[in-house]
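Could you put together the complete structure from these sequences and hints?
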Amino acid sequence: MKTDSLFYRIFHNVPGLFFELIGQPSRQGYKFKSIEVKQTAFRIDGVFLPPANAPDSTVFFVEVQFQEDELIYHRLFAELFVFLQQNPEFTNWQAVVIFPSKSLEPEDVGLYSLLLESSQVQRFYLNELEQVQPFSVAIGLMQLIVASKKRTPVKAKQLLEQVEQQPLPFSKAILLELLETTMVYKFPLLSRQEIAEMLGLAESIKETRVYQEGLEIGLEQGLEEGLGREQTLVLKLLSRKVGKLSSKLESQIKALPLESLEELAEALLDFSTLDDLSAWLQNNN
Numbered sequence: 001m002k003t004d005s006l007f008y009r010i011f012h013n014v015p016g017l018f019f020e021l022i023g024q025p026s027r028q029g030y031k032f033k034s035i036e037v038k039q040t041a042f043r044i045d046g047v048f049l050p051p052a053n054a055p056d057s058t059v060f061f062v063e064v065q066f067q068e069d070e071l072i073y074h075r076l077f078a079e080l081f082v083f084l085q086q087n088p089e090f091t092n093w094q095a096v097v098i099f100p101s102k103s104l105e106p107e108d109v110g111l112y113s114l115l116l117e118s119s120q121v122q123r124f125y126l127n128e129l130e131q132v133q134p135f136s137v138a139i140g141l142m143q144l145i146v147a148s149k150k151r152t153p154v155k156a157k158q159l160l161e162q163v164e165q166q167p168l169p170f171s172k173a174i175l176l177e178l179l180e181t182t183m184v185y186k187f188p189l190l191s192r193q194e195i196a197e198m199l200g201l202a203e204s205i206k207e208t209r210v211y212q213e214g215l216e217i218g219l220e221q222g223l224e225e226g227l228g229r230e231q232t233l234v235l236k237l238l239s240r241k242v243g244k245l246s247s248k249l250e251s252q253i254k255a256l257p258l259e260s261l262e263e264l265a266e267a268l269l270d271f272s273t274l275d276d277l278s279a280w281l282q283n284n285n
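Mapping the sequence shown onto the numbering used here, position 227 (from 1) lands on 227, and the numbers just tick up by one.
Misleading hints may appear alongside valid ones.
[To be verified] Simulated pairs of lysine to any residue, SDA-like, Cα-Cα distance not exceeding 20 Å:
{"#": "1", "residue 1": "LYS149", "residue 2": "MET198"}
{"#": "2", "residue 1": "LYS236", "residue 2": "GLU68"}
{"#": "3", "residue 1": "LYS254", "residue 2": "TRP280"}
{"#": "4", "residue 1": "LYS241", "residue 2": "ALA279"}
{"#": "5", "residue 1": "LYS172", "residue 2": "VAL184"}
{"#": "6", "residue 1": "LYS157", "residue 2": "ILE145"}
{"#": "7", "residue 1": "LYS248", "residue 2": "ASN283"}
{"#": "8", "residue 1": "LYS186", "residue 2": "GLU263"}
{"#": "9", "residue 1": "LYS155", "residue 2": "SER101"}
{"#": "10", "residue 1": "LYS236", "residue 2": "LEU258"}
{"#": "11", "residue 1": "LYS254", "residue 2": "ALA279"}
{"#": "12", "residue 1": "LYS236", "residue 2": "LEU249"}
{"#": "13", "residue 1": "LYS172", "residue 2": "LYS150"}
{"#": "14", "residue 1": "LYS244", "residue 2": "VAL234"}
{"#": "15", "residue 1": "LYS149", "residue 2": "SER5"}
{"#": "16", "residue 1": "LYS236", "residue 2": "GLU266"}
{"#": "17", "residue 1": "LYS33", "residue 2": "PHE19"}
{"#": "18", "residue 1": "LYS155", "residue 2": "GLN165"}
{"#": "19", "residue 1": "LYS241", "residue 2": "SER5"}
{"#": "20", "residue 1": "LYS150", "residue 2": "GLY200"}
{"#": "21", "residue 1": "LYS236", "residue 2": "ALA255"}
{"#": "22", "residue 1": "LYS186", "residue 2": "LEU199"}
{"#": "23", "residue 1": "LYS102", "residue 2": "ILE22"}
{"#": "24", "residue 1": "LYS236", "residue 2": "SER246"}
{"#": "25", "residue 1": "LYS236", "residue 2": "LEU281"}
{"#": "26", "residue 1": "LYS236", "residue 2": "ASP56"}
{"#": "27", "residue 1": "LYS241", "residue 2": "ASP4"}
{"#": "28", "residue 1": "LYS31", "residue 2": "ASP56"}
{"#": "29", "residue 1": "LYS155", "residue 2": "TRP93"}
{"#": "30", "residue 1": "LYS150", "residue 2": "SER101"}
{"#": "31", "residue 1": "LYS33", "residue 2": "ALA54"}
{"#": "32", "residue 1": "LYS254", "residue 2": "ASP45"}
{"#": "33", "residue 1": "LYS149", "residue 2": "GLN165"}
Hints were generated in silico from the structure; no laboratory data involved.
Encoded structure:
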């Protein structure tokens with residue numbers, strides 16, 4: 001699972017954590033979705049849509065950026081305004097961009113400086129959130145994602161201790177599921193039981209839906225889900241890198257096993273044309 005997929009999964013499962021992160025009251029009925037912009041090659045991975053007939057029809061766009069991309073704002077605002085043009089029922093918008101650190105932000109943002117300095121755009125640098133007070137579950141999880149492997153177990157235990165001292169807007173079981181998902185991402189070679197023992201949660205973790213589904217359904221479904229997410233991510237990255245893919249190329253990519261998809265995700269950073277992709281597929285068939 002890639003880092004941006006982990007963020008999107010957290011926001012999808014508990015939308016309230018997103019609003020907690022940006023310092024706004026939780027909004028009832030909002031759904032986190034990935035949306036295809038009609039008649040374009042755009043796909044917006046993170047969108048919070050308000051419920052139908054909501055008095056405040058603000059739509060929230062979320063971009064998680066863990067790789068260097070000098071064109072991130074070109075892409076973000078192009079997708080955003082095309083979406084708004086196609087969906088005029090939304091009367092307001094906000095954009096949230098999440099970086100692991102300020103070093104990954106593009107150097108030249110002059111073209112969009114007015115937008116970036118407006119109240120409609122918020123930028124978060126996760127390595128700077130440690131000083132934020134008071135304690136926030138959302139910020140605690142964000143910090144955990146970017147923490148070094150050495151510090152991760154300690155920070156996870158600290159998060160659990162802090163959670164015990166304050167009421168939550170959702171059940172503890174949901175937090176344990178999110179925490180387990182994050183730890184599995186950080187330590188893919190450890191079993192769920194080993195992660196639970198690392199955190200002193202050997203019994204509590206067994207009560208989570210993730211653990212129970214793992215026992216009931218087994219590894220196969222987990223692999224299928226991981227494969228599907230990897231396919232979606234790789235196809236999105238390729239369309240941005242080399243342009244719209246033919247249905248034949250898409251079929252070839254979807255037929256790749258998970259290990260090959262991960263290799264393609266690394267290799268495509270050096271692609272500049274569709275020929276590069278075709279050559280890679282031929283050499284790795």
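Cross-check of the supplied hints:
1. LYS149 <-> MET198: holds, 13 Å
2. LYS236 <-> GLU68: Holds - the C-alpha atoms of GLU68 and LYS236 are around 16 Å apart, at most 20 Å.
3. LYS254 <-> TRP280: With Cα atoms ~14 Å apart, LYS254 and TRP280 stay inside 20 Å; holds.
4. LYS241 <-> ALA279: holds, 15 Å
5. LYS172 <-> VAL184: holds, 18 Å
6. LYS157 <-> ILE145: Holds. LYS157 to ILE145 sits at ~14 Å (cutoff 20 Å).
7. LYS248 <-> ASN283: holds, 17 Å
8. LYS186 <-> GLU263: OK: LYS186 and GLU263 at ~19 Å, within 20 Å.
9. LYS155 <-> SER101: Given pair LYS155, SER101 holds - Cα atoms ~18 Å apart, limit 20 Å.
10. LYS236 <-> LEU258: Holds, because 16 Å separates the two Cα atoms, which is no more than 20 Å.
11. LYS254 <-> ALA279: With Cα atoms ~16 Å apart, LYS254 and ALA279 stay inside 20 Å; holds.
12. LYS236 <-> LEU249: holds, 13 Å
13. LYS172 <-> LYS150: violated, 25 Å
14. LYS244 <-> VAL234: With Cα atoms ~13 Å apart, LYS244 and VAL234 stay inside 20 Å; holds.
15. LYS149 <-> SER5: It holds: about 19 Å lies between the C-alpha atoms, which stays within 20 Å.
16. LYS236 <-> GLU266: holds, 14 Å
17. LYS33 <-> PHE19: holds, 15 Å
18. LYS155 <-> GLN165: Holds, at about 16 Å.
19. LYS241 <-> SER5: holds, 19 Å
20. LYS150 <-> GLY200: holds, 17 Å
21. LYS236 <-> ALA255: holds, 16 Å
22. LYS186 <-> LEU199: It holds: about 13 Å lies between the C-alpha atoms, which stays within 20 Å.
23. LYS102 <-> ILE22: This hinted pair holds, its Cα atoms lying about 17 Å apart.
24. LYS236 <-> SER246: holds, 13 Å
25. LYS236 <-> LEU281: Since the Cα atoms of LYS236 and LEU281 sit roughly 17 Å apart, the hinted pair holds (cutoff 20 Å).
26. LYS236 <-> ASP56: violated, 31 Å
27. LYS241 <-> ASP4: holds, 17 Å
28. LYS31 <-> ASP56: Roughly 14 Å separates the two Cα atoms, so the pair holds.
29. LYS155 <-> TRP93: Distance of about 34 Å is beyond 20 Å: violated.
30. LYS150 <-> SER101: Answer holds: LYS150 to SER101 is near 19 Å, not above 20 Å.
31. LYS33 <-> ALA54: Roughly 17 Å between the alpha carbons, so the hint for LYS33 and ALA54 holds.
32. LYS254 <-> ASP45: holds, 19 Å
33. LYS149 <-> GLN165: Roughly 25 Å between the alpha carbons, so the hint for LYS149 and GLN165 is violated.
When held up to the earlier numbered hints, the structure conflicts with 13, 26, 29, 33 and fits the remainder.
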